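So the sequence shown is residues 1 to 392, counted in the working numbering.
Bear in mind the hints are in silico, worked out from the structure with no lab data behind them.
Among the hints, erroneous ones may be present.
[Unchecked claim] Estimated spans, in silico, between C-beta atoms of each pair:
1) 192 <-> 310: 54 to 62 Å
2) 196 <-> 278: 29 to 37 Å
3) 192 <-> 347: 36 to 44 Å
4) 41 <-> 230: 15 to 23 Å
5) 39 <-> 192: 48 to 56 Å
6) 249 <-> 347: 40 to 48 Å
[To be verified] Derived pair list, reagent style PhoX-like, types lysine-lysine, alpha-carbon separation capped at 25 Å:
7) 3 <-> 38
8) 362 <-> 349
9) 38 <-> 303
10) 278 <-> 298
11) 70 <-> 38
12) 44 <-> 3
13) 109 <-> 161
14) 194 <-> 177
15) 362 <-> 298
16) 36 <-> 177
17) 109 <-> 218
18) 315 <-> 279
Here the structure is a predicted model, which is why all the values come from computation and not from measurement.
We treat Cβ as the ideally placed atom computed from N, Cα and C, and that holds for glycine.
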Amino acid sequence: MRKITVIGTGYVGLVSGAGISDFGHHVTCADIVESKIKLLQEGKIPIYEPGLDELVDRNVSAGRLSFTTKVDEAIQQADVIFIAVGTPQGENGEANISAVEAVARSIGKNLNGYKVICTKSTVPVGTGDRVCELIRETMPEGGEFDYVSNPEFLREGSAVKDFLWPDRVVIGASSDKAFDILRDVYRPLYVNEKPMVHTNVATAEMIKYAANAFLALKISYINEVANLCEAVGADVHLVAKAMGQDGRISPKFLHPGPGFGGSCFPKDTHAIAALSRKKGVPMNTIDAAIITNNDQKKRMTEKLKNLVGGDFSGKTIGVLGLAFKPNTDDVRESSSIEMIQTILDGGGKVKAYDPMANESMKKVFPNLNYSHSWEETCDDVDAVAIMTEWNE
């Protein structure tokens, strides 16, 4: 049993912290946002994620999971420190790692014995070197640590399942000692023979970007196939089903829709594209996927506008689904944002509903008319746009 500190309590940090505590370790989740920690200490989960409430409650009750704003103390008491802070899209599409850098400096200042420093945040290749550099600059003389890149592969809406029953665990370690310690952290998975992919740091960082970019590419591809099917009179759902039955392709992420969104795919595709340009190795397929995704969102709004006579002025449109995908309350980069904005810009009115994301969308559109059910949304409107595949 090890003492673990997870810095950052967003989707990645909270799910990872709760999941690791479920493996039997003592975990402290630390965050500088007092309001978020206060909610967690009161037993309230600030995000909607199926199964997360139960996972957190179980491990808090068992005394294995706690929350604090005292980041320095949490660093000092830990054997292993996971960095799980945000890396939003910055200028030129590159990931902004300033929060990761700030955490690295804090770790250095509070390094009081050998520790394994592990980054879970999605970061550009080379970030590990930067983190190690900052820790060495700020740590006391004689400080000792090893660095690991341990990217997460969590899907919002099924993040708990993905953490507890992953396809694989990627451990990009700077030493065999660090790898062995991380493998011990994930011992229940190792014992159950889940693949432990042992790489160097740069390879682990690249695996995360390459995986997300490929999935985004797959979504853009099936959306283009859907558009072509519409033009020739083919059924895209049967096309996708038959494609997915080919073992080389698989049915996952072959669901046509209004385009990908969320906190990962838009950011990560832009980041890997920016990295490729920086290194002089263009990734034309990823550039195309980004263009296709942007076009798909516009295509949806144009189709709706044509259905209501070519003009949104004076029309009331019901928008069903605000989250970027079902089983989450996350509206970041959701296709419904562009749809709603286009309707409003065109002089129309919007009635909106999502079973989980109404409150999240109020931060984007505070003055929108939000409904309490899909039936209410569909009442007395000129058209309805189904933007998220909720099972209702």
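Cross-check of the supplied hints:
1. 192 <-> 310: 54 to 62 Å: Given a distance of about 58 Å, which is inside 54 to 62 Å, the answer is holds.
2. 196 <-> 278: 29 to 37 Å: holds (31 Å)
3. 192 <-> 347: 36 to 44 Å: Hint violated: Cβ distance 58 Å, outside 36 to 44 Å.
4. 41 <-> 230: 15 to 23 Å: Since residue 41 and residue 230 have Cβ atoms about 51 Å apart, the given range 15 to 23 Å is violated.
5. 39 <-> 192: 48 to 56 Å: violated (33 Å)
6. 249 <-> 347: 40 to 48 Å: Once the Cβ atoms are compared, 44 Å apart, the range 40 to 48 Å for residue 347 and residue 249 holds.
7. 3 <-> 38: OK: residue 3 and residue 38 at ~22 Å, within 25 Å.
8. 362 <-> 349: The hint holds at about 15 Å.
9. 38 <-> 303: Violated. Residue 38 to residue 303 sits at ~45 Å, over the 25 Å cutoff.
10. 278 <-> 298: Measuring from Cα to Cα gives roughly 29 Å; hence the hint is violated.
11. 70 <-> 38: holds (12 Å)
12. 44 <-> 3: holds (24 Å)
13. 109 <-> 161: violated (36 Å)
14. 194 <-> 177: This hinted pair holds, its Cα atoms lying about 20 Å apart.
15. 362 <-> 298: Status holds; Cα separation ~22 Å.
16. 36 <-> 177: Measuring from Cα to Cα gives roughly 34 Å; hence the hint is violated.
17. 109 <-> 218: The given pair, whose Cα atoms are some 44 Å apart, is violated under the 25 Å limit.
18. 315 <-> 279: violated (49 Å)
The structure is inconsistent with the numbered hints 3, 4, 5, 9, 10, 13, 16, 17 and 18, although it conforms to all the rest.
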